[in-house]
Every structure is written in structure tokens, then in C-alpha cells.
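Visitor: Protein chains in written order, with the numbering used here: chain F, 1 to 160; chain U, 161 to 549.
To be clear, the hints were calculated from the coordinates, so they are not data collected in a lab. Accuracy of the hints is not assured; some may be wrong.
Said to hold, decoys possible - Distance ranges between label pairs, derived from CB positions:
(1) Lys-141/F x Arg-450/U: 20 to 26 Å
(2) Arg-450/U x Thr-91/F: 34 to 40 Å
(3) Asp-529/U x Gln-36/F: 23 to 29 Å
(4) Glu-156/F x Ile-424/U: 19 to 25 Å
(5) Ala-37/F x Pro-174/U: 53 to 59 Å
(6) Pro-71/F x Thr-245/U: 40 to 46 Å
(7) Thr-245/U x Ile-96/F: 45 to 51 Å
(8) Lys-150/F x Pro-174/U: 32 to 38 Å
Stated by the list, open to error - 27 Å max Cα-Cα, derived DSS-like pairs, lysine-lysine:
(9) Lys-503/U x Lys-150/F
(10) Lys-18/F x Lys-370/U
(11) Lys-55/F x Lys-139/F
(12) Lys-544/U x Lys-532/U
(13) Lys-18/F x Lys-447/U
(14) Lys-324/U x Lys-18/F
(15) Lys-179/U x Lys-167/U
(16) Lys-503/U x Lys-157/F
(17) Lys-485/U x Lys-249/U
(18) Lys-447/U x Lys-418/U
(19) Lys-370/U x Lys-532/U
(20) Lys-179/U x Lys-157/F
(21) Lys-447/U x Lys-141/F
(22) Lys-149/F x Lys-55/F
(23) Lys-121/F x Lys-109/F
(24) Lys-179/U x Lys-303/U
(25) Lys-485/U x Lys-157/F
(26) Lys-157/F x Lys-537/U
(27) Lys-149/F x Lys-532/U
(28) Lys-157/F x Lys-241/U
(29) Lys-157/F x Lys-544/U
(30) Lys-322/U x Lys-167/U
(31) Lys-447/U x Lys-149/F
(32) Lys-150/F x Lys-532/U
(33) Lys-138/F x Lys-149/F
(34) Lys-532/U x Lys-157/F
(35) Lys-241/U x Lys-370/U
(36) Lys-447/U x Lys-150/F
(37) Lys-60/F x Lys-86/F
(38) Lys-167/U x Lys-150/F
(39) Lys-157/F x Lys-173/U
(40) Lys-216/U x Lys-249/U
These figures come from a predicted structure and were not determined experimentally. Note that the Cβ used here is the ideal one computed from N, Cα and C, for glycine as well.
Residues per chain, in single letters:
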Amino acid sequence: MREELLAIIERNSRIDLKELAVILGVEEIDVVNELQALEEEGIVCGYHTMIDWEKTSIEKVSALIEVRVTPQRGQGFDNIAERIYKYPEVTSVYLISGGFDLLVTLEGKSLKEISGFVSDKLSTLDSVLSTATHFILKKYKDHGTILTKKYEDQREKVSP
Amino acid sequence: MKDMLSKQAVSLKPSGIRKFFDIVSEMEDAISLGVGEPDFDTPWHIRDEGIYSLEKGRTFYTSNSGLLELRQEICNYIKRKQGVTYDPKHEVLITVGGSEAIDIGLRAVINPGDEVLIPQPSFVSYEPCAIMAGGVPVIIELKAENEFRLTAQELEEAITDKTKILILPFPNNPTGAIMERKDLEAVAEVIRKHDILVMSDEIYAELTYKEKHVSIIEMEGMQERTILINGFSKAYAMTGWRLGYACGPREILAQMVKLHQFAIMCAPTTSQYAAIEALRNGDEDVKEMRTAYNQRRRYLLHAFQEMGLECFEPFGAFYVFPCIKEFGMTSEEFAERFLAEEKVAVVPGTAFGDCGEGFLRISYAYSLDNLKLAIGKLADFVEKLRASR
Chain F
1 MREELLAIIE RNSRIDLKEL AVILGVEEID VVNELQALEE EGIVCGYHTM
51 IDWEKTSIEK VSALIEVRVT PQRGQGFDNI AERIYKYPEV TSVYLISGGF
101 DLLVTLEGKS LKEISGFVSD KLSTLDSVLS TATHFILKKY KDHGTILTKK
151 YEDQREKVSP
Chain U
161 MKDMLSKQAV SLKPSGIRKF FDIVSEMEDA ISLGVGEPDF DTPWHIRDEG
211 IYSLEKGRTF YTSNSGLLEL RQEICNYIKR KQGVTYDPKH EVLITVGGSE
261 AIDIGLRAVI NPGDEVLIPQ PSFVSYEPCA IMAGGVPVII ELKAENEFRL
311 TAQELEEAIT DKTKILILPF PNNPTGAIME RKDLEAVAEV IRKHDILVMS
361 DEIYAELTYK EKHVSIIEME GMQERTILIN GFSKAYAMTG WRLGYACGPR
411 EILAQMVKLH QFAIMCAPTT SQYAAIEALR NGDEDVKEMR TAYNQRRRYL
461 LHAFQEMGLE CFEPFGAFYV FPCIKEFGMT SEEFAERFLA EEKVAVVPGT
511 AFGDCGEGFL RISYAYSLDN LKLAIGKLAD FVEKLRASR
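So here's chain U without its partners, still in its complex pose (with noise of 0.2 Å):
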């Protein structure tokens, strides 16, 4: 058949982790420090109370936007650690994923060449979901003299009339950045007087080392121009729950309701039972991960000043982003190389943008035996690399 693809489909580049994934599939025995899910399995009350609404058989449908119980036990949450209030009937909406609230969120905002302001390194999927949309994906290139945050002055040149929505993807994979209260004080003014929307995407919210987290929602005039995004994957370990949400204003989450309808009807009803369990009586389990990732981050920035590898200390998720620029070599080749020759498999910044570059993504989400083990294969190479030029 003839042009039987979408052009704008065949356009989206894949994304650098799967190049370098089908790789690390091949090697039997590689160690892997490259992904991007809690080590963590699922606290058991959790995955008991998905089971007990199996047994119940609970196995329908449920409402579009998701179960109301789920819905009001969120905005209590939100609530409690953000002291910002929602109304469960309009203002929130159970996706699949995080991922899925990304997409539909940017598709009920954005009108064909509208701008989206995506600050790199981040998620792989913000841009072709911008481009999907129908917008312009309009890079910001975060840097590392910066701890890789988003400035207002940054944020102020990258602006132009056709912008549409700022995504503001904090704490950040793969950096590790957070932007503390007054990081987002600066960004807020700016948003404001251009009259922008925001989408936040706080996966990671659970997941900061410094102080607690702080939302854009939180600044002057922010909740009602902000799509915010979390979900259970990073804070409960339940990635494969797929279960995430947004909440926002009450005209945006009605059209974005109306797209999740269409594609996806409801998100997993099993997944959503759990959910409940996981905000109501989940605080210590995060709280015990978090104690362990914390623990991790501090053994890896100590292991980088050992081996002279420069690191900015990241605050959050449970990444490390260290440079690699004094070696010489693209960090794909980095990355491959170490593969090769150590058998242990790193993502290259540039998965997550060009401005990745000279940068590599370590992930904390292992046992500290498993990260004594790599790290020392890292500083024999690092040794090996520097004695050889």
C-alpha cells in the first residue's frame, strides 16, 4: 500500500533508549545501572488490597475520570503536602500513567504551531507528545553551572508570542535537579506576566533529599494556569500498575477527560483499589524508600569525588548525572565503551536531549552491593581511560 504510514508518526525520532536498551539485551551478564523504576517491589498492603478487589470482583469499568474515592483520597494528599485544595469531581482525573497525563494533557491545550517550552534534559516523551499535539517543541537547554534548574532568565528568552505551555519536569530524570521554593518563585513571575499555562510533572515529588518538595501550584496565581501531574509509579514502587493523575483547572481536565474517554475509557480498576491503600497507609513505605535512596545517593556522590568525576549533588529522583567531558569522547561512546569493555550498561545524557551531552544517567533504584559492584568497575575504567591519553 501506498503511504500506508503518518508522516508526522515516521518524523518522531526513537527514542536514544531504545537504540542503546537493544544493546544491553543482548549481554547476558551485563550489570545494569540504567533504569528508571524503583528496585522496590510494591509494599505488600498494597498489592494485597489490589488482590482483596479481585477476590470482591471488582473487575468493571469504573467512572471516566476514575474511582471518586481515589479522586477525593488525592486531593487530601495534595492537600496535606501541598496545603492546595481541588475539587475531586472536576479538578482530577486517573490516568494510566503519568505518561498517558502527559499526552492528554498537551493535546487538550494545544492548538496547531503553538509553542511548548520543554527545558532539557528530560523525559523522552514530552517532546514527541508536543509534536503529536500539533505543537512546536521549543527546547530550553538546561546547564549544569545552573545544578541544571530552570532560570527565570531562561525561561524569559525562550518565550515568544506563539508560546503556549511550559512543562516543568521536577525533580528531574535524568538530572536528579529539584528547583527549591525560590527557584519557582523567579519562573512564576515570568509565567505570569506572559500569561502562559504550566505543565508540572512531579512523578518524583516524593523523592527529594533536601528539603520537602515544593509545587508551582503552590506560587501566587499558579494552580489555576497549571496542569500537575504525578502519579504511584516512583513514590509507591508501582510502575507496572500504570497508574498516574492529573489535576488542574476545571475547563482543561474537562476536555482532557473527554480524550482519556475516547482512547482509554477508565484506567485499570485493580490498579486504582490499590491506589487507595497506597495514599491512605503508605507513608512510611515512602518514607523507608526514600531513607534507602538517600542512602545510595550519598554512596555514589562520595564514590565520583573519589574517582575525581564531576558531579553537581542532585536533590531528587534517584538519578546522578555525572560529566564525563574530560575524557574526550561523545557520551554514547562513553556509554558504549564502558559497556563493552566493563559490561556495564549506563544511559547516555543525550537519551534525554542534546544538551545531555558529556553527561551520563546513573540510577540509584539498586541495592548498594549492586552499586558497590558497578562503581568499582566505573573507577577501573575511568583509571584505565586517563592513563591511556
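Only chain F is shown next, with the shape it has when bound in the complex (with noise of 0.2 Å):
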């Protein structure tokens, strides 16, 4: 049950008890109690809503950065991240692979507001050896979901 569980809520985070008992053919005490479980392990990490900002009045700019750090002896990338993490507006931290260390994701009010961190508080750091920005221009697809385009049915209404 957990990995089908994990499915839906991970599309639908709303969805009612009662509902996810029947879909899932199991008791609503059963769901209630693995969803508890599932918190407590810290598998279920919170309930968010997706916003496509694109479309309401609010100026927001997102951006990916691309840092290149020094690990530290001991600590590796860890106290690094935590640093870049703490601010606010970092919505997001992965250590990668490849040609760079650290993507961080940001979100700001204006294209100023994101190159005023990335100069004064993200390449001041004294591991950070270089970033490079990237903002966002258009989002198609986000968590799973498209943003651009609204599902239509093309199939016939009645067929055998």
C-alpha cells in the first residue's frame, strides 16, 4: 500500500481519507495510521501547493545557480549547503554530479533582487569559488505537471 499511497499524494495531497481508503481497497483507520507512519519517518516531508505564478499579478523570478564550492576536510559539502540553504530565499540545494557542485534553486521579486544575493551573499562566501546564473523564463512542466497546456479529451464520446 505504501508505494501506491506515496503515488497519489505525492499528485494529490488533498485528497480525503475516507476517498484514499476506497481507492485503495483498505480500511480509512489503515490509511490514517501509515500516513502517520510515513510522517514520523520523515518520508512525508510536508504538503505544498503548486502555483503556476506566471498566471496571477505577483512579479516573481526564479533562478538556477550553478556553484562551484571548496569542499571542506571532514565536512565535505555539508556546511556549505546548510550556509547557502538558511536564506529564505533559496528554495532549493542539490549536491550534482558533473562540472559543478551545488545547484541552487532561488526565487526572488526581480532580476535586481536575485543578482544582488548571488554578488553580495552567495560569491562572498569563502568556499564558493564561482556561480553562474540562470533565470527562469518560461515553465513548462513542473513536479510532473504542465503548466502550458490544459488536458483536453479528443476521444470520440461513445465508443464500443
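Now that you have both chains on their own, put them together as the hints suggest.
Guide: Next comes the structure, spelled out in C-alpha cells:
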């Protein structure tokens, strides 16, 4: 049940418990217990909402920043990652294989705000060797959801 | 011109679905639960192979039987699933959907006057195809109390000395019924005893929700007398690609290839390349879709239970077949009123044979949100009908 449950709530965390129980073919209490266990084990870490900010009048800019850093003895990348993720404007930090070390995603109100963050805060950190900032121009698909097109049922309405 | 038309063709009843389709098409905002095809898009990696084959200029005919590479993959698949071996060179034919296989399969074995046993409710093509092949359709009416499975006794009673072939349509459209191993064993015994052929239409084989699908070809002495039909439409959400296949005894397949060659030439080349990819790397997609269908199936059965609507638990395909006899209306009346009053389209059970009277086919090839909306309307409608009596 665990894998199926996770797959469902990853796409729709608002689904009600009763319905979850029905479609999984189990009792509601089992779902409640399993969800609680998943939260306690830190597997379910939060319930978020996907928002396409583009469609609002609120100005938001997001960027991906490639960061090259010097790992520290005994700590590897953990310390520097922590330094970076503590900034609230940072939305994610990943350790990456390949040409650079950390991939940082950032959200701000304007280009200026983001470039300010990179030049004043990020680049000036001791272990940061270099950064490359990529502004996101358009989101086509995010978290498995296509943002640019609405689903349209193209089938004939009745068929054998 | 006088006598312009074939009397045989004219005598065929138009599909009961067609009539309903015409009504629904005129309603702009109708919600439909009447579709007999998956709501999923063909998985991208499969589409990608189709596109790639076009880019590489694979735009020619294939051999009449279809790409050998694909036939080999089909044999591997059947070996993997059913543990039965077919020879890709002589015992497999790629067809334009399962439908073509039904048509030419019957035409390959029927002589004038041969009886074709057709369990109903079932897919709309068997009866007309049997007639056009010169056969005489003999309907076996499946019963709700047997969960619409075919019993050995029903089969035994329908067999005469003219019986040539039994059509075995499981997992079933429209009822969602399956045949489990014990059911097939019982039926196989009767088939062997009377020495008749079988056409097993297993197009929904990948969509079962109890045990893994069992095929009649796994039963003793059955492979040699069975035309097995399957395809890519339902398992891989590839309806528009029009690709199916038939496997069977070499002698029968040789005749089918001939009919196919003259009428069709070969199945679409692009689709054949895409299908190779589906068989090689599509297991995960099938599993995901099956899981989603199963969730919806549980949701519907639960909803029927809540509204007190009688429905046996179907374990296959993507249909439920609730009983509406309590309302004292025919299936068609119910479906027409439901459409007119609540703007939801379902298919009357009678579209799949007279014995579908008193039942509706409801498809769950729709998102849960869609189903919820439509089932909410069904609950309102049912309540309204009950209150008015």
C-alpha cells in the first residue's frame, strides 16, 4: 500500500482520507496510521501547493545557480550547503555530479534582487569558487504537471 | 440502379452504440462514461519510437505478416506471460487492431452454415463478422449470477453437430468479467470433447485486478485449436495506432495471412516499430495504468454500494456493469433519460446483446475527478427515480 499511497498523495495531497481508503481498497484507519508513520519517518516531509505564479499579477523571478565550491575536510559539502540553504530566498539546494557542485534554486521579486543575492551573499562565501546564474524564462512543466496546456479529452464521446 | 446493395450487408443491424453516439454528439456539455478506450496517452517512449521510425524513413510496407522482429517480441511476451511457445515465422500475424483479427480469423475457418458460439454481452463485432463469414451466430446468454462467466454447462447446451468455433471474450467488454483458471479448465474439457475451435479475444489481458490473466491456450490441448487475439490498444493505450495480432495453428494462420494480404497488405509500419518498443520497455507503463484503473474501479464499486445499486465485482477490463432492473425501465430508456436529465452518457447493456437488458456499461477510462462528477449525478438521478415511485 505504501508505494501506491505515496504515488497518489504526491500528485494530490488534498485527497480525503475516506476516498483514499476506498481507492486503495483498505480501511480508513489503515490509511491514517500509514500516513502518520510516513510523517514520523520523515518520508512525507510536507504538503505543498503547486502555483503557476505566471498567471497571477504578482511579480516573481526564479533562477538556477550553478555553484562551484571547495569541499571542507571532514565535512565535505554539508557545511557550505547549510550556509546556503539557510537563506529564505533559496528554495532548493542539490549536490550535483558533473561540472559543478551545488545547484541552488532561488526565488525573488526581481532580477535585481536575485543578482544582488548572488553577488553580495553567495559569491562572497569563503568556499564558493564561482557561480553561474540562469534565469528561468518560462516553466513548461513542473513537478510532473504540464503548465502550458490544459488536458483535453480528444476521444469520441461513445465508442464500443 | 436496381439491387445495388449486398443483402447480407444490409441485413446487419447497425451497432447499438452508434445510435447512442449520435445523440451524445449533439450535446455540447455532456459528460461521457461511454468510451471504450484508455484515457491515457500512449507512453512517450513508444510514441518516440514511432516518430523515430518515420525520421529514419521507414515508410514502406512490411512483410504481410508484419515485422519479424515484432512477431518475435510477441512470442517472447506470450512465453513470458503464459508459458506457451509460438513460432514467429508461421504462427503469428500482425493485424490492423484486434478487430481485423476477429474478421479474418472467422473467415479463415468458417464454411457456410457453420455455427459460431458467441457468449453475450460482448463486443459488437463478433456477430456481424460471423455472419459475413457465412457462419450462423449462436448466442450464449451469460448470466449475472455467474458473474457473467461462461460455464461448462452453458457451453455444453449450446453445442450442436454444426458448431465450429467458440468465441471466448475475456476479460470482457462490457461486463468486466474474467475467466479464472478453474473456469477455463471446465470449459476446455467441453471444447476438447466436442472437438471445436476457439477464438480467444484477450485484448484486455493486461487489465485484470485479481489474479494474473490466464489464457485458454495454457489448458491442455487448447493451443492447437485456438486463435489467440490480442493487441496494443488497451494495454499500452494505443487505440489510434490500429495494431493487433493473432497467434494460432500454422494451417489457420496461413489462410489468415492470405486474407490479410489481399485486403490489407500489412499493418501500419510506424505502428509496428512503436509496438516493438512497447513490448520491450512498456511493462512499467502498463503497471502504472493498471494501478490507476484499479483505484477507479474500487471507487465506482464503493459508490454503487453507497447508492444501493446492484453490481457484481468485475475483475477485468475498464468497465463496470451495474444492474438497473429495480427502476422498471429498459437499459435504453434509462440511458436516454439519464443523458437528457443529468447530461451524463453511459452505454445501455443491450448494445452488447439482448441479454444486456437491465444493465449499463460504465467505463472507468476517466480521471477520478471526472468519475466523481458523473457518479454524483448518477446518485442524484437514482434518488430522483426512487422518490418518484
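Visitor: If a hint holds in the structure, say so; if it doesn't, say that too.
Guide: Do the hints match the structure? See the list:
1. Lys-141/F x Arg-450/U: 20 to 26 Å: holds (24 Å)
2. Arg-450/U x Thr-91/F: 34 to 40 Å: holds (35 Å)
3. Asp-529/U x Gln-36/F: 23 to 29 Å: holds (26 Å)
4. Glu-156/F x Ile-424/U: 19 to 25 Å: Once the Cβ atoms are compared, 23 Å apart, the range 19 to 25 Å for Ile-424/U and Glu-156/F holds.
5. Ala-37/F x Pro-174/U: 53 to 59 Å: holds (56 Å)
6. Pro-71/F x Thr-245/U: 40 to 46 Å: violated (57 Å)
7. Thr-245/U x Ile-96/F: 45 to 51 Å: holds (48 Å)
8. Lys-150/F x Pro-174/U: 32 to 38 Å: Cβ of Lys-150/F to Cβ of Pro-174/U: about 35 Å, so the range 32 to 38 Å holds.
9. Lys-503/U x Lys-150/F: holds (23 Å)
10. Lys-18/F x Lys-370/U: holds (23 Å)
11. Lys-55/F x Lys-139/F: Holds, at about 11 Å.
12. Lys-544/U x Lys-532/U: holds (18 Å)
13. Lys-18/F x Lys-447/U: holds (24 Å)
14. Lys-324/U x Lys-18/F: violated (51 Å)
15. Lys-179/U x Lys-167/U: Within the cut-off at roughly 21 Å; holds.
16. Lys-503/U x Lys-157/F: Holds: Lys-503/U and Lys-157/F sit about 12 Å apart, inside 27 Å.
17. Lys-485/U x Lys-249/U: Outside the cut-off at roughly 50 Å; violated.
18. Lys-447/U x Lys-418/U: The hint is violated at about 36 Å.
19. Lys-370/U x Lys-532/U: Holds, at roughly 24 Å.
20. Lys-179/U x Lys-157/F: Since the Cα atoms of Lys-179/U and Lys-157/F sit roughly 12 Å apart, the hinted pair holds (cutoff 27 Å).
21. Lys-447/U x Lys-141/F: holds (24 Å)
22. Lys-149/F x Lys-55/F: holds (13 Å)
23. Lys-121/F x Lys-109/F: Judged against 27 Å, a Cα distance of about 16 Å means the pair holds.
24. Lys-179/U x Lys-303/U: holds (25 Å)
25. Lys-485/U x Lys-157/F: holds (25 Å)
26. Lys-157/F x Lys-537/U: holds (18 Å)
27. Lys-149/F x Lys-532/U: holds (23 Å)
28. Lys-157/F x Lys-241/U: Violated, at about 33 Å.
29. Lys-157/F x Lys-544/U: Judged against 27 Å, a Cα distance of about 25 Å means the pair holds.
30. Lys-322/U x Lys-167/U: holds (24 Å)
31. Lys-447/U x Lys-149/F: holds (26 Å)
32. Lys-150/F x Lys-532/U: Holds. Lys-150/F to Lys-532/U sits at ~19 Å (cutoff 27 Å).
33. Lys-138/F x Lys-149/F: holds (13 Å)
34. Lys-532/U x Lys-157/F: The given pair, whose Cα atoms are some 18 Å apart, holds under the 27 Å limit.
35. Lys-241/U x Lys-370/U: Distance of about 15 Å is within 27 Å: holds.
36. Lys-447/U x Lys-150/F: Holds, at roughly 25 Å.
37. Lys-60/F x Lys-86/F: holds (20 Å)
38. Lys-167/U x Lys-150/F: At roughly 48 Å apart (the allowed maximum being 27 Å), Lys-150/F and Lys-167/U break the hint.
39. Lys-157/F x Lys-173/U: holds (21 Å)
40. Lys-216/U x Lys-249/U: holds (26 Å)
Taken one by one, the earlier hints fail for this structure at numbers 6, 14, 17, 18, 28 and 38, listed in ascending order.
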